[in-house]
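Protein sequence lines, in the order shown, are assigned to chains A and B.
Residue 1488 is where the first sequence starts when you use this note's numbering, and the numbers rise one by one after that.
Residue 1324 is where the second sequence starts when you use this note's numbering, and the numbers rise one by one after that.
Careful: at least some of the hints might be erroneous.
Unchecked claim - Computed cross-link-like contacts, DSS-like style, restricted to lysine-lysine with a CA-CA straight-line distance of at most 30 Å:
#: 1; chain 1: A; residue 1: 1557; chain 2: A; residue 2: 1496
#: 2; chain 1: B; residue 1: 1368; chain 2: A; residue 2: 1496
#: 3; chain 1: B; residue 1: 1426; chain 2: A; residue 2: 1496
#: 4; chain 1: A; residue 1: 1570; chain 2: B; residue 2: 1426
#: 5; chain 1: A; residue 1: 1570; chain 2: A; residue 2: 1501
#: 6; chain 1: A; residue 1: 1558; chain 2: B; residue 2: 1325
#: 7; chain 1: B; residue 1: 1426; chain 2: B; residue 2: 1365
#: 8; chain 1: B; residue 1: 1325; chain 2: B; residue 2: 1365
#: 9; chain 1: A; residue 1: 1501; chain 2: B; residue 2: 1365
#: 10; chain 1: B; residue 1: 1368; chain 2: B; residue 2: 1325
#: 11; chain 1: B; residue 1: 1402; chain 2: A; residue 2: 1544
#: 12; chain 1: A; residue 1: 1544; chain 2: A; residue 2: 1501
#: 13; chain 1: A; residue 1: 1570; chain 2: B; residue 2: 1325
#: 14; chain 1: A; residue 1: 1496; chain 2: A; residue 2: 1558
#: 15; chain 1: B; residue 1: 1365; chain 2: A; residue 2: 1557
#: 16; chain 1: A; residue 1: 1496; chain 2: A; residue 2: 1544
#: 17; chain 1: A; residue 1: 1544; chain 2: B; residue 2: 1365
#: 18; chain 1: B; residue 1: 1426; chain 2: B; residue 2: 1368
#: 19; chain 1: A; residue 1: 1496; chain 2: B; residue 2: 1365
#: 20; chain 1: A; residue 1: 1544; chain 2: B; residue 2: 1368
#: 21; chain 1: A; residue 1: 1544; chain 2: A; residue 2: 1558
#: 22; chain 1: B; residue 1: 1365; chain 2: A; residue 2: 1570
#: 23; chain 1: B; residue 1: 1402; chain 2: B; residue 2: 1365
#: 24; chain 1: B; residue 1: 1368; chain 2: A; residue 2: 1557
#: 25; chain 1: B; residue 1: 1426; chain 2: B; residue 2: 1402
#: 26; chain 1: A; residue 1: 1558; chain 2: B; residue 2: 1402
#: 27; chain 1: B; residue 1: 1325; chain 2: A; residue 2: 1544
#: 28; chain 1: B; residue 1: 1426; chain 2: B; residue 2: 1325
#: 29; chain 1: A; residue 1: 1557; chain 2: A; residue 2: 1544
#: 30; chain 1: A; residue 1: 1544; chain 2: A; residue 2: 1570
#: 31; chain 1: B; residue 1: 1402; chain 2: B; residue 2: 1368
#: 32; chain 1: A; residue 1: 1496; chain 2: A; residue 2: 1570
As the list claims (entries may be wrong) - A few chain B positions that, by computed beta-carbon distances, are all more than 10 Å from chain A:
#: 33; residue: 1365
#: 34; residue: 1375
#: 35; residue: 1384
Keep in mind that the hints were calculated from the coordinates and are not lab data.
Predicted, not measured: the structure shown is a model, and the values here were computed from it.
Here a beta-carbon is modelled for each residue, glycine too, at the ideal position from N, C-alpha and C.
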Amino acid sequence: DGGITQSPKYLFRKEGQNVTLSCEQNLNHDAMYWYRQDPGQGLRLIYYSQIVNDFQKGDIAEGYSVSREKKESFPLTVTSAQKNPTAFYLCASSIQGARVGNQPQHFGDGTRLSIL
Amino acid sequence: RKEVEQDPGPFNVPEGATVAFNCTYSNSASQSFFWYRQDCRKEPKLLMSVYSSGNEDGRFTAQLNRASQYISLLIRDSKLSDSATYLCVVNKGGGADGLTFGKGTHLIIQP
Chain A
1488 DGGITQSPKY LFRKEGQNVT LSCEQNLNHD AMYWYRQDPG QGLRLIYYSQ IVNDFQKGDI
1548 AEGYSVSREK KESFPLTVTS AQKNPTAFYL CASSIQGARV GNQPQHFGDG TRLSIL
Chain B
1324 RKEVEQDPGP FNVPEGATVA FNCTYSNSAS QSFFWYRQDC RKEPKLLMSV YSSGNEDGRF
1384 TAQLNRASQY ISLLIRDSKL SDSATYLCVV NKGGGADGLT FGKGTHLIIQ P
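Full structure from sequences and hints, please.
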C-alpha cells in the first residue's frame, strides 16, 4: 500500500536536546512538507521541499532543520533552539504542481512531541 | 481579515439532517481550494478539492464563490461517522508558495 509513514508516533524530549522526526513516502511524490499543529490551531508550515537536495523555509522555520537526500525521505530535526516544541507534527507529500499548493497534499499519521 | 476563516462551531446536528458551512479567504489570487476532514488526534485527510463550477462526491457538495471569496461544504443525510473537524484549505496564490489551513469547523452528528 502506498502511503506516508511517520515515526515515532510519540516522542519525548528533554530540554536542550535535538530530536529527529522521520517521514518516508512511497507515493513517488516530488514534493514533501512539514507542518505543526497546536491545540485549537490550524496547521502551520515549517519547511517544504519540491525536489531532492532542495528545500525552502515555511512560515515558522526557526528552530527546525530538514534534509532531502532521497526522494522518499524528508526528516525534520527539532533543535534546542525551538523554544516551544510541544506539538503535533505532520508530514505531507504531493505531486509537483506549477506552484507549491496547487495540488492536494496527503498526510502521514503524525508524531506527537512532548517536552519532559 | 484572516487568510482563511471558519466558524469553529461546534455544530450539533441530528443524524440524517443536512448541514452546510462556509469558509472565507482573503487572497483573491488564490486558485486552489480543498476541504479536509480531521478526526480527533488524527491526521487531516483530503475530503475533496473544490472546483470553480462546484462539485459533488456522494453526499458531499463543495462550491466556490470567487466574487465573495468563500467556499462552502454541504453534507446531506448526515451520518454519525461524519462527526469530525472540517478544515478549509486554500493555496496562498499570487506567486507565493504553500497552503493556508483554516482552524476548522467542528461537526457533531447526534443520534
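Distance restraint between residue 1426 of chain B and residue 1496 of chain A, which requires alpha-carbon spacing of 30 Å or less: Satisfied, since the Cα-Cα distance of roughly 23 Å is no more than 30 Å.
For residue 1402 of chain B and residue 1365 of chain B, compute the direct alpha-carbon distance and say whether it is at most 30 Å. holds, 19 Å
Between the alpha carbons of residue 1544 of chain A and residue 1501 of chain A, is the straight-line distance 30 Å or under? Holds. Residue 1544 of chain A to residue 1501 of chain A sits at ~25 Å (cutoff 30 Å).
Is residue 1496 of chain A close enough to residue 1558 of chain A, meaning Cα to Cα at most 30 Å? Holds, because 22 Å separates the two Cα atoms, which is no more than 30 Å.
Given the hinted pair residue 1325 of chain B and residue 1365 of chain B, is their Cα-Cα distance within 30 Å? Status holds; Cα separation ~25 Å.
Between residue 1365 of chain B and residue 1570 of chain A, does the CA-CA distance stay at or below 30 Å? The hint holds at about 24 Å.
Restraint check for residue 1325 of chain B with residue 1544 of chain A, where alpha carbons must lie at most 30 Å apart: Distance of about 21 Å is within 30 Å: holds.
So if I understand the rule, the pair passes when the alpha-carbon distance is 30 Å or less; does residue 1368 of chain B with residue 1496 of chain A pass? holds, 17 Å
If you draw a straight line from the CA of residue 1544 of chain A to the CA of residue 1368 of chain B, is it 30 Å or shorter? holds, 24 Å
Hey, residue 1402 of chain B versus residue 1544 of chain A, does the alpha-carbon distance stay inside 30 Å? violated, 40 Å
Checking one constraint from the list: CA of residue 1402 of chain B to CA of residue 1368 of chain B, max 30 Å. Satisfied? Judged against 30 Å, a Cα distance of about 18 Å means the pair holds.
Given hint residue 1365 of chain B paired with residue 1501 of chain A - CA-CA distance at most 30 Å: holds, 25 Å
In the structure shown, a violation is registered for the earlier hints numbered 6, 11, 26 and 33, in ascending order.
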